[in-house]
Every structure is written in structure tokens, then in C-alpha cells.
Amino acid sequence: MKNLAVLALCIVATISIGAQTTTQAPDAQMFVGPPQGQPITGDVLDAKTAEVSALLRCPVCQGMSVADSPSEMAVNMKHQVHALLARGYTQEQILQYFERSYGQFVLLKPKFQGVNTLVWVLPILAIAIGVVVVVSKMKKLEQPAPTTDDREPITDPYLDEVRQLVGDKK
Amino acid sequence: MNRTVLLVGVFIAAALVVVLFFGLGKDPQAIDSPLIGRPAPNFALREVGTGRTISLDEFKGRPVVLNFWATWCGPCWEEHPTLVANARAMQPGVQFLGVVFQDNEDKIQKFLRDRGHAYPTVVDDAGKTAIAYGVGGVPETFFLDKTGKVVAKYTGPLDTGLLQANLQKAVQQ
Chain F
6 MKNLAVLALC IVATISIGAQ TTTQAPDAQM FVGPPQGQPI TGDVLDAKTA EVSALLRCPV
66 CQGMSVADSP SEMAVNMKHQ VHALLARGYT QEQILQYFER SYGQFVLLKP KFQGVNTLVW
126 VLPILAIAIG VVVVVSKMKK LEQPAPTTDD REPITDPYLD EVRQLVGDKK
Chain A
1361 MNRTVLLVGV FIAAALVVVL FFGLGKDPQA IDSPLIGRPA PNFALREVGT GRTISLDEFK
1421 GRPVVLNFWA TWCGPCWEEH PTLVANARAM QPGVQFLGVV FQDNEDKIQK FLRDRGHAYP
1481 TVVDDAGKTA IAYGVGGVPE TFFLDKTGKV VAKYTGPLDT GLLQANLQKA VQQ
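These protein sequence lines map, in sequence, to chains F and A. If you want our numbering, it's the position in the first sequence, counting the first as 1, plus 5. If you want our numbering, it's the position in the second sequence, counting the first as 1, plus 1360.
Pulled out of the complex, with its shape left as it was, chain F reads as follows (with noise of 0.2 angstroms):
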């Protein structure tokens, strides 16, 4: 009997220590809801953590991505990744867990939307008017420069008084 009422003690103890030591973060569900794909294991795991990493900014340095710094800040990212990716999250999921918290900034690769489409738009067109001015000055250079022939007659009367000495009928 003393036996059972030490036992249901601990038992007590346990539960109440366990239900003050119960900690939770917030999770990646309230933010994208459950995962949508697979859960995945050992080296496939890892290489996709490395991978999904790479597409992440690391918030604390200076344009380096998760994967490559050395931060405990990035570090925390990485194995949150690398969590998130066992559960079965899937890149998509992940980067808008990231986007969520951290907002565009996070993303390595600028989304193609709003004023992020300038990014993108940009380079293109100033590509694009370059190769018009240079294509439109080509031309130009192409065309065979007028002969003296084509040109007009100049009329001036001491010219003309030169010609009528030397005989030029012109």
C-alpha cells in the first residue's frame, strides 16, 4: 500500500513537472498548414536541405545565403529546413514559411511579382533598347556616304569667275 501511494507520487510528480517543462514553439501548420508531400530520410534529405538552404537569405550577414553561413542564426534556419523537409513540407511550403515570417527579404531569388517584376523586366529591356540603338547606327554606317556628284551645285560668283578663267564649263 505505502508502495502504490510513492508510485502514484512519482507518477503525480512526473506529469507535473513534464507539464511545466512543455515547450513549444510556433509551428511551421500555422503558418502553411500541414505538409503537402513526402517525408524523406538519410542523403536525399540532406542534399535538399543544402538545396532549399541555398534559396534562403541568411537575415544577420551580408547577402550569403543559409547554406554558406557560418551564423547560429543560419544554422537554426538550416536545421529548421532540414525538419521541416523530414516531416514531408515541401520546398514551396518551406520558402513560404521563410517569406511569411521574414517577408521577400528572405528569398534569394526575387519573386516575379509587383515591383520585384522591375528585377527581371528591367535588364531585359535595357538589353533590348542597346541592341536597337546599335542595330539603327549600323544602318546608318552602312549607307554609302553621298558622292560629289549627287551633291548640290555651289553657286558663288567668285567660284564662278575662277571656272569661267580656267575654262571650266561647268
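I should point out that these hints are in silico values taken from the structure, not numbers from a laboratory. Hints are all accurate, no fakes.
Where chain A lies over chain F, by a calculated footprint (3+ residues, C-beta under 8 angstroms): (1) 29-43; (2) 79-86; (3) 104-118.
Quantities reported herein were computed from a predicted structural model and do not represent experimental measurements. Note that CB positions come from ideal geometry on N, CA and C, so glycine has one too.
With the hints as your guide, set chain A onto chain F.
Relative to chain F, chain A alone:
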């Protein structure tokens, strides 16, 4: 042709000047949080000192000042007296809550003992909560209204003026 080239050049230069004018005036660390206007992600983390689990949901019904910090961060030392003084003046009408990440619990306890404390501090062990809030560096402070919605975020050390200006947004909701 020369006139057209000149006009295009002037247009591009003007566009660059506008972009630089607005871009260079911005603090590169001040990144707008996509969480603003959305419910703050809930968490339940271990309180420093007591080991008790504190959930953000416990504080629904009053504005919350959620401060991410660490003992290794100089600006956090700078703003700590401001947070403590304001918490003493405003609580329990406004709840202050500290979240420490990338840190050691002994150092946190020593810091709080030496520099005073007036509100609970919880530990974000693997930095998952910081990541969910889009924290890039410390200190960063989120202001939540009484429904638990994020209404403002401030990156950098707060002074009383900044704290109250941001808190005003949370109280007005």
C-alpha cells in the same frame, strides 16, 4: 536621335536619383515585418529562473510588448533599463515579455540579477520562435494589441519615446 538619347538618359538618371534618394535614406536593418496586421504566432516557452512554461496566449486581453534580446547584445543592455522602468509603470495594464535566444541560461539569470527585472523572460532554445517572428538581430520588439494581433515592430534599442509611440498603436486598436 541625339535629342531622344538625351531624353532617355535624363529619364534613367532621374529614376536612379529617385531610387537612391528613397533607398539610401532607409535603415538596411529596418525590414518591415509581414506579421504586422496578423495574429502573433503563439508559443509556450520556459521562463528563466522558475522553469514555468509561459504561453503568449495567457496575455490575451491586454497589449503586449514582446522583446527579443540576448545578453551578448550591446544595444540590449542599453535598452534594458527603459524596458524595466516602463514595465514597472505600465504593468499589469500592458504586459511585457522578454524572449532570449542564442544564449546561456546562467548568463541570462546573472544579467537579470545584476540589472533588474520587472517582467517574465522566456528562453527560445533552438531559435524557432525567433525565426517564426522573422527576427534578424537583437533587440527587436513587437507590439501586440489586446487581441494578440501584431501592430508594430521596432528593430534596435528602444527609448521611452519610441516605446510609447509604438505602444500607442497597440492601445488604440
